[in-house]
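Protein chains in written order, with UniProt numbering: chain A, 1 to 131; chain B, 1 to 500; chain C, 1 to 89; chain D, 1 to 117; chain E, 1 to 141; chain F, 1 to 772; chain G, 1 to 158.
To be clear, the hints were calculated from the coordinates, so they are not data collected in a lab.
Every value quoted in this text rests on a predicted model; they were computed, and no experiment measured them.
Do not take every clue at face value.
Unchecked claim - Partner residues aside, some chain C positions facing chain A, computed with beta carbon under 8 Å:
1) Val23
2) Arg24
3) Val35
4) Ile51
Backbone N, C-alpha and C fix where the C-beta goes; we use that ideal spot for every residue, glycine too.
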Amino acid sequence: MTDVIIMILTSIGTLFILIAAIGVLRMPDFFLRLSVTIKAATLGLGFIMGGTALFFLEFSVTAKVTAIIFFLLITAPVSGHMIGRTAYFTGMKLWKGTVLDELKGKYDRKTHELTSDGDHAQEGNDPVDEL
Amino acid sequence: MTDNLLILPIFTHLLTAILLIFAWGHINTQRVLSLCGHIIALALSFHLFSKTWKAGILTMQAGGWKAPFGITFVSDTLSATFVVLTAIAGLAVGIFSTVGVSKARMQYGYFVIAHFLLMGLNGAFLTGDIFNLYVWFEIVIISSFVLMTLGGKKPQMEGAIKYVAMNMLASAVFLTAIAILYGLTGTLNMADLSLKVAQIEKKELVSVTSLLFFVGFGIKSAVFPLYFWLPSSYHTPPSATAALFGGLLTKMGVYAMLRTFTLIFVPDAFTQKVLIAVAIMTMFTGAMGALNKTSIRRMFSYLIICHIGYLIGGLGLHTRVALTGVIFYLIHDIIVKTNLFLATGVIHKIRGSTDIRRLGGLYAEYPKLSLVMAIVFFSLVGIPPLSGFWPKIGLFQAALDEKSYFLLGGFILASFFTLYIVAKMWSEVFWKDLPKRAEETNEFTELPFIKQVWLIVPVVGLALVSLYIGLGAENIMVISNRIALNMIDTGYYLDAVLNK
Amino acid sequence: MLNNYLLYVILPTLSIAAILVFVRFLKGPFTLDRVVGLDFLINIGIGIIAIYSVVTDHSAFLDVAMILALIAFLGTVALSYYLEQRGKQ
Amino acid sequence: MEYLLIFLIGLLYSSGIYLMLRKSMVKLLLGLLLLGNGANILIFLMGDIAKGQPPIISKDASIFTQMYADPVPQSLILTAIVISFGLQAFAIILLKRVYQMTRSDNLDTLNTQEVDI
Amino acid sequence: MQSTILKTATNYLLPLLLLFSVFILMRGHYESGGGFVGGLVASIAFVLHSFAYGLEKTKILLKYPPMSFIPIGLLLSFSAGVLPMFFGQAYMTGVWSKDPLPVIGLVGSALFFDIGVFIVVIGVTLTILFTISESIDQQTN
Amino acid sequence: MILAVLSGFIAAFLLTFLGKIFKGRLAVLLGLLPLSVFNYFLYFFPDISAGKTFSFSYKWIPSLGINLDFHLDGLSMLFVMLITGIGSLVYFYAAAYLQGHKYLDRFYAYLSLFMGSMLGLVLADNILLIFIFWELTSISSFFLIGFNNDQAESRKSALTALAVTGCGGFFLLAAFVLMGSATGTYSIESMLSVATALKASPEYGLILTFLFLGAFTKSAQFPFHFWLPGAMKAPTPISAYLHSATMVKAGIYLLARFTPLLGQHFYWNTTLMAVGGFTMLYAAFHSILRKDMKSILAYSTISALGILVFLLGIGTQHALVAAATFILVHALYKAGLFLVTGIVDHETGTRDIDKLGGLRRWFPFVALAGFLAALSNAGLPLTFGFIGKDLIYETTLHLGDTEKYLLTGIAVLSNIFLLYAGFSVGIRPFVGPIPESLVKRPHHSTLSPLLWLPAVLLGVLGVVFGLAPFIPDNLLIRHAADAIFNGTTALPLKIWHGFNLTLLLSAATLMSGVGLFFAFRPRALSSATQYWMAKVSPQGISEGIGQSTRSFATSYTRLFQNGYLRSYILTITVFLVGLIGYRFFTTVDLRVNTSSFTEIRFFEFVVFAITVAAIITTVFTKSRLTAIVSVSIIGYSICLIFVYYGAPDLAMTQFTIDTLTVVLFVLVLYRLPHFLNMSNRKMKLRDGLVAISFGSLISLITLQALISPANKEISRFYADNAYLLAKGKNVVNVILVDFRGADTMVEIMVLTIAALGVYSLLKLNVKPTDKD
Amino acid sequence: MTKQFLLNLMLTFVWVALTGDLSFVNFWFGFALGFFILYIKEKNDGDVKYFVRVPKILGFLLFFIYEMIKANLQVAYDLVTPKFFMQPGIVKYPLSAQNEFEITMLSNIISLTPGTLILDVSADKKVLYIHVMYLKDKEKFIRRTKEKIENRLLEILR
Ligand code: NA
Ligand code: NA
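Extracted from the complex, chain A is given alone in its bound form (with noise of 0.2 Å):
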């Protein structure tokens, strides 16, 4: 009976993490695939782990699960948000079917202060895509 409901856990996990894959491979702007891989890698991780404890069925193992997947909340948004930044900081163009950008020009060039009203006005830099 666990062994299914392992079966199933996995199977789910996988999925999700399969379809953010594809996701990552199809997505047609990079705020696009950013979006689709930080959740669906999170939460199909947390399927696979979940169904990790269940198998060992351990303490000290579900422990080391649950901390993994408490780790993986904090920091993926976290860590979605910094590339996210950066991402725009750097001038990464919008998809054209982007419908809407209330960010274009909230951030000083300089400082890199984000304001909640008022514009910088100011152009965006090209991509860059080295260093």
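Start from chain A and add chains B, C, D, E, F and G with the ligands according to the hints.
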């Protein structure tokens, strides 16, 4: 029987280094600490040597795990001799450094790294485990990287890039060789390796592996055609550092080669040929390189290479006589090469340059100092009865016994060019009048007397040591003889390490 | 049964996902795409390791997964931090 | 799988050397990195291979009751990895310093001091 | 870099990572882990802090310069190795307590050795990374 | 005895510290040193004359078979007398000659060093000991020739002399070592008992070759003679002592000493006769072309040395006696001539025979000395020189029919030239009118007797020995000849042999020489001739070789040390691949045995494939960051491989380290410019080939090593005892902190050093004012 | 004060969980360790009350998982079908949350929900910039997020 004494020289330097880090930035404290460390290390080394001499071979099984399971530290006569030499050279450089190294460098850890370097050398000489040897090698390498770049300007850094790249390549090759050797034997203890390698039926693969070791150590000991890092870098660091490098660093590669090619692999005919050919080319290349140099430090750098040829050649001959010569030569070379660079440092202090075209008149101005330096230089040449002469007898004899006339030719050629180059250098630097220059700065005379003494004492001291090696050659000869005997007949070593 | 399923279905699927992400990594086009790809690859790696620990019945491997989860974050932060710093100039 | 690893070792050594033969300092370092990785796998391969069996004695036992991977190469690699990390960290910074001084990544320009033969 | 989110996350991650690092250190003898990885995790905690809050704040947090950790760690590891020599045993011989202590289990010189490693690794990693960050900041200014 | 030998060294040592005392007038006292040694050896005369020999032995380096073994016999005695006797004269002479010289103390130090070495050389019984003193004479000669070290010419001459004699020295060492191993002893005495075996040994040819190289360079035989004229840059007392009477005769001594050992052999005789014969004629001819008195003497000395070699080559009883005699003859008159030349130079400031004349009016005693020496040199009857020349002719005339005429002819011709040379130096400056351009140097009102007395003494001795040849014969020459002959020679020296062919030849020599003296004066050679002569002379040739060696050295060194790191690495790699590849493919038979290999599973293959792709990306990408990130992917994939193979600790560490490395790279490199595509296709192809062969070789070796599995008893020991003995369950960690804890201790020190290095690298900026 | 105590407690529990040793001594060791670490940390935040409202949390958690799966399926469907029907955009979202902790929690949760990603918080902490994948109506999105996520979260946290 475990004897903790033999790890004490290592510990002395380690502890000194740790204390020096605690005293980070306090130059005077560091000076005193460093000197104390050197002196204690020297005393312990001599004690270790005399104990080893009496007992034959001392071992210490780290962790109490008997060989081949733990890491064994072994002090046989070869190791103990090297430890003593390291301590002597270390003390000399240490004294020199107290004045000869800039304050800025001291503030940024010169002394710490120097002690780590010496510790690494001691470790390499005392370990009986091939992987542990690798680890000590790395200590020495990283320390030398730091010393090489410490406070460096552009040329020093440029040299350092090349030095670092080629030494790391050497480490990779060494590691590869260790891996394959482990795959073949399943052990890392050198004594055990000796037994296991002998048992392997597929000797061909052993020979291939041994050549990998040869290349790895060959880069480190700067043999032809693997020597490039040395002339690219050795003339750049401060004299004290150069003295450590010139005297000890390449010798570590040679030491490793001596160990592996006597204890683990006994060179087969092919390897012997390779060693001899490489030796001849090394001597030739070193001589050619040194011939036209105008900077005396560059000149000495090439002479280091040239003289490595003697050692490799002797190893290639692999007879007891040859090995005796090799050991004697090594003993002489460590002391003299160290002193050579220290002397160069003094010259640099006096004249502000090491370029022959800007040097001269030292003999007229500093006759006594010149005399001391003459001892150093002519010891290097091997004018009898100075120290460099005695080992040549053995080397010549071995080359003749083995009918290796090309190698003999190489020895003669190297001796001749060394003689010529040093004599020419002498004539230019000491005899020639000082060329006219725009500004005349003599940092040396500006120093207070006591500081002058600190610079001169190590040069004089080492010169006396080399005089002793020359005139008291009998003692050195007896030591070399015993070492060579133990190299040819490794049974004693194996018994000491494995059966206690 | 479970073992075989994990070995012959789950692990290969995760591997395929890794390949897909790796293709994105190769394609870029931007450095940040590679950074994201790297991050994702590590996540997939965590999954693979977890499954592998089940397959081999060795929970020791989960420690590796844990370290991966802890540390991958730092790499991503560092990379984006410095890409941003560079953007400032 | 050993075949793949052997191939990988060869590839790592080859590409390591190839990168070291370029003119770029950064490539030189990357080459050293690859070479180090190759050496590590080589050491690894020289142990007794046991898939999925870490050399950790299980909780309730005091000796091994099953197969285990050869622990010696593992510990050697651990040491080697750490050591090469130290060396590489230093080398990377050195590279930075040299770049600061010469404003060039081109190794060929680093021979001002070797001109004087 | 001024990111509120990162800062807040770091507030929670830092203690967690430090806790983890000790955990990894302690269990090394029985399961995967050990002083080295533990030390790295601990240093990563501080590096993360420096990313979020800036180097100066992290230095204040650490109170002592990271380099001062190094000799302490070295001395500890060294002492753990030397200790048995005072009992007439070889360098690095394991010395173990008779009875297991709670939580940690048997206390032996190996543990102190590993703690030394842990401290050195923290000192080393932070020294390297902080020095670089500082030099970059200097350049930028 | 040892004190006598070492007295020179002790004096030299003391002089370096107490030299100041003897800088002034007290320098004369130093002459007591050689004089007392001379006296010491005089005590041995009665016994030596009675045919006795003395041996002394002191332990030094028994391990090498080198002991301070001294042996005093007739041959040694002859040389000891020359060394100490002429030495005493030179010491006194120099006190006046170099009076008030700034570095007089150094001069005496070197001179004492030299005298000691020379004494050691001729007294040593151990061949290695001989070699030691041999080299010491070379080195002290180097310092003496370069005594006027502010002059470039002096320095160059010193260097040339050292290079030639030093080079010969190394061959001599080879010869000695070879003799030692052929006979099992380094003692000449002991070797004599196996002389026959030595001559028959296969190494005989090689020994001779090496020995001759040593002897010929030292004794300035053609074509190694060119250093000797250059050595005349030394102050005249030096020239008199070293380069005529003693040091250059070291080679002769050596040949003489080894005659009983190695002589009487076809190779020996032929070589010595050919080289000596050619040298004596060649140098004698050259001597008459010179105008500088010292130069003339230099060439005539070379010629005289040639004669000696020639005589030793002939090797008959006659020849050996002649040689022994001629050594003494030549030493007496040549030293005299040198001292005379020195006085002339000292007092007039020139040595050009064209500018000199009539000096007998200014310096009558000197003129006397010059005449006596020149006459002895000329072989005028009743001089000692006559006896010497007589013996030479006697020798050649006693040869077989084939060689007789040729060799006698050469000898006569040489002697004619030598006579001319002797007259040019000893007579010409003193006769005729005083040229107007010649001015007496004002610095001495009267000529110090210390200058002229030694010269006169030498001249007088030449006459005394000529009149009473039995004195030198009984005291010295016979025993010397006996020693060379290794038997008893029965050829007493006589003033008069009666009218015979020899006398006729002597007379002819005398006449022709005197005739030549009046008929011929050397003229300045045309520049073309000078150029041509310089070019084909051995000196010119050797300088040419030196020059081309230097330029070869430069291009050879540049070829390898070209400043390009990649070329260095390429060389290293090619060497590695070549050497090991050759060894591998010629010896190892490739085996493939996959039975023990594990299967490949899909997910494993994927990791492998990703690694490969990442490696390829790293190598070929044009973006630096992509390369760095790719490297980290490689690292992470390897981490997965470690997991697959049951190495969780490794995987953890690999992963953390890899991440840190990436962070470091990014921190450091984010400002660097783009990769440049700097290599052309051809270079890439070449490097690629080298790299691939390197990698393939490693792979192949790995494969072969993998097929021969080893006994892993150590791993088993660790696994079995990790918990039981070391109280840990993670065996890897137990190895790290316990079994192999010493490694880990070192490992953290590596990290420490790296951290300190990074710190200093980034923080320390040495200002140009900081020096070290 | 309270917060530090709670944080300490949390660390203690994590420690106990990690070591898997539920003994009394281990608990105190973990507490001491946590105390030590916090002491090192030595920093003061605004005081936030830690009233753990278990039912609310559980409800929120369930809602969150439901949202996640739903949105994920939506993305998945979009991905496997050849044509994209997404309408991405970056939305300025006015915050009700005030302190850093609340903002962070909120943004993490928003980010973890598929289809939305926090790009940044304004310097004055009044506005979130959210990248939204399926942005049909900006106002509706803001309203929905406020009601379903932010308000519920704040209820739990405050
Ligand atoms: Na280690
Ligand atoms: Na561990």
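Unsatisfied constraints (hint numbers, rising):
Of the numbered hints given earlier, the structure breaks none, since each of them holds.
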